[in-house]
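Colleague: Chain by chain, the residues:
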Amino acid sequence: MKKPRVAIFDFAGCEGCQLQIVNLEEELLSLIEIVDVVEWREGMSEKNPKFDIALIEGSITRPEDEERLRDIRARAKVLVTIGACAGTGGVNKLRNHMDQKVVGRTVYGADADKSFLQVGTVRAIDEVVPVDLQIPGCPIDGREFTRVVRTLVLGGEPHLPEHPVCVECKRANNVCRYEYGEVCLGPITRAGCGARCPSFGMWCFGCRGKVTDPNVDAAHTVMASYGKTVEELEQRLALFGS
Amino acid sequence: MSQLIETRPGEDDRGAASDAKSKHVEVHHVTRVEGHGSVVLDVDNGTVSRIAWQVPEAPRFFEAMVVGKDWQDIQTIVSRICGICSISHSLACIKGVEAALGLEVSEQTDRLRRLAHMSELMQSHVLHIGYLVAPDLLGQPSVVPVAKSHPELVGLVVSLHRLANRWSDLVTGRTTHPIALQPGRMTHLPSAAELIALQHDLETARKSYWRLVEAVGGLLGGLPDFERPTEYVGLVDGFGYAFYDGRIGSSDAQVPLPLDHFEQACNEYVAQDSTAKWTRWHRDAYAVGARARYNLNGQHLSPLGRQVAQAAGLEAHKHNPYYNTVAQLAELGHIMDRGPELIDEILAAGLSPERPKLEPHAGEGVGAVEAPRGILFHRYAFDAKGRCEKANLVIPTNQNHANIQKDMEALAPTIIDRPESEITLLLEMLVRAYDPCVSCSTHFLDVHFVGAKAPSEERD
Amino acid sequence: MRVVKVEESEIASWTRTLRQRQRIVAVQEKDGHFVFDDLKSAEDLRLDHDVTLQPPLRFFLPEKEQLLSFSRGGGYRAPESDDKPFVLLGVHPYDVAAIAQMDAVFSSGVEDPHYMLRRQLATIVACDVETPSKNVFAGCMGTAVVRDGYDLLLTRVGRHYIAESLTAKGDALIALFGEAVEEPTPWDLQRREAVWQRNRQGLRQHELDCPPEMLPRLMALSYDDKIWQEKSQTCFSCGSCNLVCPTCYCFDVEEDVDLDLGSGQRVRLCDGCLLEEFAKVAGGHQFRSRSERYRHRFYRKASYMPQRFGFVACVGCGRCIDACVPGIANPVEVYNLLLERHPEALEPATAPVAVGAAVATAPAPAVATASRMVSPTAAVTLEPLAAEQLLRQGAARPTDEFAVTDPYVPEQATIVEKKRVTQLETYYKLRLESGRKLGHKSGQFVQISLMGIGEAPISISSGPTEAPTFEMVVRRVGNVTEALEAMNPGDTVGVRGPYGTAFPISDLTGKNILVVAGGIGLVPVRSAIQEVLSHAADFGRLTIAYGMREPRERLFGDEIAKWQKLPGVQVLESVDRVEGGPWHGQVGPVTTLLPLCGIVPSRTAALVCGPPVMYRYVLADLISMGMKPEDIYVSLERRMKCGIGKCGHCQINGVYVCQDGPVFTYAQVKDLPEALS
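Residue numbers (our numbering), protein chains in the order written: chain B, 3 to 244; chain F, 61 to 520; chain Z, 10 to 686.
Careful: at least some of the hints might be erroneous.
[Said to hold, decoys possible] Stretches of chain B that chain Z covers, calculated by requiring three or more beta carbons in the stretch to come under 8 Å of a beta carbon on chain Z: (1) 21-34; (2) 46-59; (3) 73-81.
[Stated by the list, open to error] Only some residues are given here: those of chain F computed to face chain B with a beta carbon under 10 Å: (4) Thr91; (5) Ile144; (6) Thr235; (7) Ala240; (8) Asn355; (9) Gln359.
For the record, the hints were derived by calculation from the structure and aren't laboratory data. No residue lacks a Cβ here, since even glycine has one placed at the ideal position from N, Cα and C.
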């Protein structure tokens with residue numbers, strides 16, 4: 003069986019998702035036995051115009067990004083986004099809610115009007131090209147990543163959990179964050195991370211995006227019973243472009 | 061220069077016969093650096109007509125995005141500036157938030173944060189040395205072929221990287237975008253048993269570290285010989301090798317600046333036609349990072365750090381930008397010494413759960429740490445409800461851009477008579493040596509050349 | 010059986026001594042709450058806890074455990090167990106009752122070796138509740154105090170504990186107190202009785218308005234109540250109520266291949282029926298909406314489990330109430346509301362209240378056997394549930410030696426023949442590597458494993474036979490069936506089974522057999538057709554009505570031609586629309602063939618198999634033609650993971666399709682609202 007060729011690309015993001023691939027450590031060395039990584043700017047100088055699977059990290063913010071993305075889409079058989087920035091826009095999207103001119107002036111002051119400082123709104127990858135699979139998370143979970151890769155190499159269709167983080171929180175024997183009066187997005191966020199944040203004492207930020215059928219209305223309704231407002235919930239939901 | 065700088069197989073090799081008349085070197089998106097940066101060199105009739113370090117990283121406007129957000133959500137957002145140094149961003153952030161809101165933390169929290177910080181330094185330095193720079197020293201395009209040609213070396217790098225990640229996962233929950241680091245508190249405590257196990261493994265890893273030092277040390281002859289008088293900026297505290305706290309020191313200044321005055325040190329300005337906000341202090345550029353830290357605080361390195369610095373000849377080359385990587389190697393030794401010591405302190409004090417009451421009020425403050433790549437500043441202002449009113453973040457790589465440019469301007473004329481492939485490699489290696497974290501550079505702009513010709517139009 | 014008294018200060022040193030001999034899993038504090046965890050230091054023991062986050066069931070059915078490992082060339086292997094004997098210390102009475110219930114579940118039908126092994130290795134030290142938790146209502150459920158199901162019981166009276174052993178293990182634990190024991194006085198025992206009384210009365214933070222044994226009757230009346238919609242408006246389908254429950258045991262199964270792609274393992278994970286994927290099949294059809302899933306949990310506890318096992322599967326621990334963020338999980342609240350709306354549930358039962366005739370009401374006090382007729386509208390009334398009674402009648406004690414071959418581990422079979430028969434379907438003939446015959450009956454299914462991909466239930470398409478082969482026709486709908494398609498003769502797959510109920514062909518001798526098959530439904534009934542034809546003389550006419558969507562979906566064309574030629578056999582076919590191939594026959598749904606079959610209802614048995622939508626119309630037509638529900642057999646499918654009635658995924662209301670089906674009479678399923686939707 004020929005090894006699938008994998009190329010890794012990034013746009014506007016922190017490259018943390020790619021780092022999770024590096025963080026596979028020895029497993030990464032095993033991974034490159036079953037796939038051929040033919041291009042990966044962050045870690046390799048090799049390049050290759052031909053590949054089967056494209057992994058994309060980061061959001062689209064400028065016309066030239068869009069161009070580069072369309073070219074990648076045309077060359078890839080399977081396009082997989084890794085991480086929230088590529089999947090939903092992630093934290094980058096926070097700026098879409100703002101007045102762009104105000105944003106520019108905040109950062110650049112009087113220089114804000116220079117033409118090379120103009121940028122458009124942030125878009126997720128699937129707002130520009132069709133996407134075959136999304137690996138969620140901010141950052142992605144390394145184990146989920148290798149599971150997806152293994153499934154793809156075996157010719158299968160990877161499935162992500164369709165249930166919320168609460169399942170994994172309970173399996174981890176955690177105390178529910180709502181007991182501490184925190185607004186936790188676990189009940190409407192897709193599982194697959196092992197409920198890592200609640201396991202370390204924080205509420206879930208929803209970085210993996212919503213489950214298949216989230217009951218966001220329920221989230222609004224229950225806020226009051228925990229002394230929180232819908233506005234606080236909305237602020238939290240906005241953090242990762244949900 | 062060394063025998064290791066050879067033409068890489070398959071590369072175009074124009075002008076191999078030392079024709080210095082006209083050359084064009086363009087590296088679009090330098091590989092093996094974090095983020096997107098490009099290099100352009102034009103040589104006309106034997107002189108450098110243009111040398112530019114360009115950063116076409118898409119701007120991300122974090123300073124605007126945190127405005128209006130709750131003080132408890134700032135860390136979540138700004139951690140995402142960078143995937144490799146998110147712990148440093150988180151620490152600078154929460155210290156800044158605490159300074160603004162008048163919150164103090166316990167000694168336990170302070171120690172755990174320092175412990176977390178060290179783990180990131182180790183993780184990032186090992187990554188840089190092993191994955192990003194070592195291939196150049198071995199004449200390879202990436203760690204992938206090195207894994208085949210030097211499996212033991214790669215094995216060492218991977219095992220040290222794994223240990224560093226385990227360390228940061230233990231203390232913060234996750235290396236990239238840490239969880240437990242929040243303003244005013246740690247949300248989770250490692251157990252004593254876990255810390256003891258980590259300490260044991262760090263001590264055992266000293267052997268692997270030393271073998272890495274020997275392996276890399278044997279390749280240092282491959283580093284180009286280049287120096288340029290440079291101002292170095294970093295944290296200083298007068299008694300140690302400052303990573304976590306201190307004041308802003310400069311090799312050009314007798315008296316360090318308080319953190320709250322960092323804008324006086326950084327002096328950001330939008331660069332003409334180039335791509336970044338640059339910074340300057342006493343000269344037209346300055347360097348931050350391991351080399352800067354060594355120049356400022358090298359005498360305070362721990363015994364193992366000093367031993368490695370000596371063995372690698374760091375002192376003699378401390379003004380050579382390519383030796384930034386070697387300074388990182390020495391800093392690793394310092395961390396291998398200090399990490400277990402700090403764990404001892406934490407264990408001696410005992411770990412106890414804390415749930416402090418934290419109430420925000422209006423204020424403004426600054427937090428700073430030495431990220432792996434250099435000194436990092438976060439300033440925040442909050443209203444009485446704890447909503448962020450403004451933010452100003454100055455990133456280490458920001459602060460290096462001007463210096464990289466100046467280094468290239470000085471280096472380029474001395475190498476233009478070499479084959480283009482060799483020039484390319486030397487320029488790339490210079491950029492890599494700084495270990496730039498380009499996507500951190502939140503102020504970076506688009507690369508459209510306003511008023512200048514596009515590179516392709518200038519080719520002979 | 011011994012009863013002794015010890016000073017409370019002795020507990021710590023006793024624990025220390027015990028810990029030197031065996032692993033102790035005990036209740037300890039965590040973040041202001043309580044959990045069961047390995048006990049590192051005797052000082053951490055908290056017998057005064059109110060409730061643990063997770064039930065002690067987790068130590069018999071862990072969150073995640075390996076079912077098997079596999080490697081190419083090495084086949085499938087049962088996991089090596091490195092479990093050792095351990096003491097479970099600090100189990101509250103309601104949890105003891107729950108463990109007894111789970112014993113009954115995992116020892117019934119096909120015994121689960123993993124659960125049973127751990128159960129055998131465990132010594133249970135129960136302790137009476139000292140601090141009521143916020144939501145406990147065990148007093149209402151008869152589980153505030155139990156007098157059976159543990160090895161040792163510790164009850165605090167003042168500054169002493171009374172320790173009572175019921176088993177040899179318990180006696181051995183008492184012996185570890187050494188000289189520190191005293192004989193309890195009658196006054197001590199009275200004080201203990203007072204603790205029990207206090208708990209029976211006090212562990213009632215919520216007051217149930219009826220005796221728990223009336224709950225099945227209440228559920229029989231409440232299936233269509235609006236409460237399920239109302240309450241589930243704010244349900245997140247997060248599964249928290251399932252995952253903290255001591256009597257929830259459904260699990261999911263996942264395949265995990267290693268990076269070498271040649272070896273790996275299959276694991277099971279605690280699952281919950283509230284979750285979105287729980288009742289979805291490959292292909293995406295969702296069998297239960299959110300409000301239906303919400304309802305299902307209550308029916309499991311108060312209707313289906315009681316009918317199957319004889320106990321209400323709720324011990325009043327209150328964990329679901331604690332865990333539910335939107336606060337909709339409180340069973341007492343739900344039951345009380347339903348009682349208000351259906352007060353007739355409390356009236357003395359003179360006649361069954363249930364809709365539909367085919368309901369088995371187990372004559373009290375016998376335990377209802379695992380019958381197929383577990384219906385949500387069955388008005389079963391149980392005897393008063395004294396926990397002691399429940400434990401004695403329901404709980405199967407694990408035997409000391411159980412030589413059960415691991416039912417989760419497949420055996421290998423070789424693909425002998427493979428042929429693509431339509432665009433989506435492929436025919437396979439398989440032979441077990443051991444050479445033995447599968448020993449299946451018509452209508453049964455097997456679980457087919459593809460190494461590294463997973464497992465899927467596949468109907469057997471060939472009749473019972475002495476030959477060592479069997480046949481399948483498989484439609485490609487998901488990862489397993491796609492991977493199967495990539496296999497070739499000579500390759501091996503894993504096989505478990507055969508499972509399920511069969512078309513009872515040998516009971517139908519003398520009758521005319523009518524087979525109604527829709528599309529791929531012809532695949533399972535072909536086994537029955539072959540069986541009938543192999544004893545054709547024993548039966549009357551055989552009529553096959555085969556409907557397809559389009560001609561190109563036609564299966565078994567050659568065989569149909571052969572069947573046509575046999576005496577006493579008539580094959581009628583129709584297509585919904587004529588596309589993708591020539592067709593000169595009937596056009597219309599399969600129901601248009603029924604009038605042409607010349608059915609004599611009193612002498613006919615009908616075997617019906619097809620997609621869900623077909624059943625409604627065909628069954629309605631057969632009934633209106635005069636057929637009786639008990640003479641009509643259907644074959645249903647659901648998502649399956651274990652095939653042996655444990656994982657819970659294939660439930661249709663209270664019925665397990667893998668055990669009680671897939672073949673049912675229409676009589677059995679017409680009162681199952683979820684069966685033919």
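Colleague: Please go over all the hints and tell whether each is borne out by the structure.
Modeller: Comparing the hints with the structure gives:
no. : hint   : result
1   : 21-34  : holds (count 3)
2   : 46-59  : violated (count 0)
3   : 73-81  : violated (count 0)
4   : Thr91  : holds, 4 Å
5   : Ile144 : holds, 6 Å
6   : Thr235 : holds, 7 Å
7   : Ala240 : holds, 5 Å
8   : Asn355 : violated, 28 Å
9   : Gln359 : violated, 33 Å
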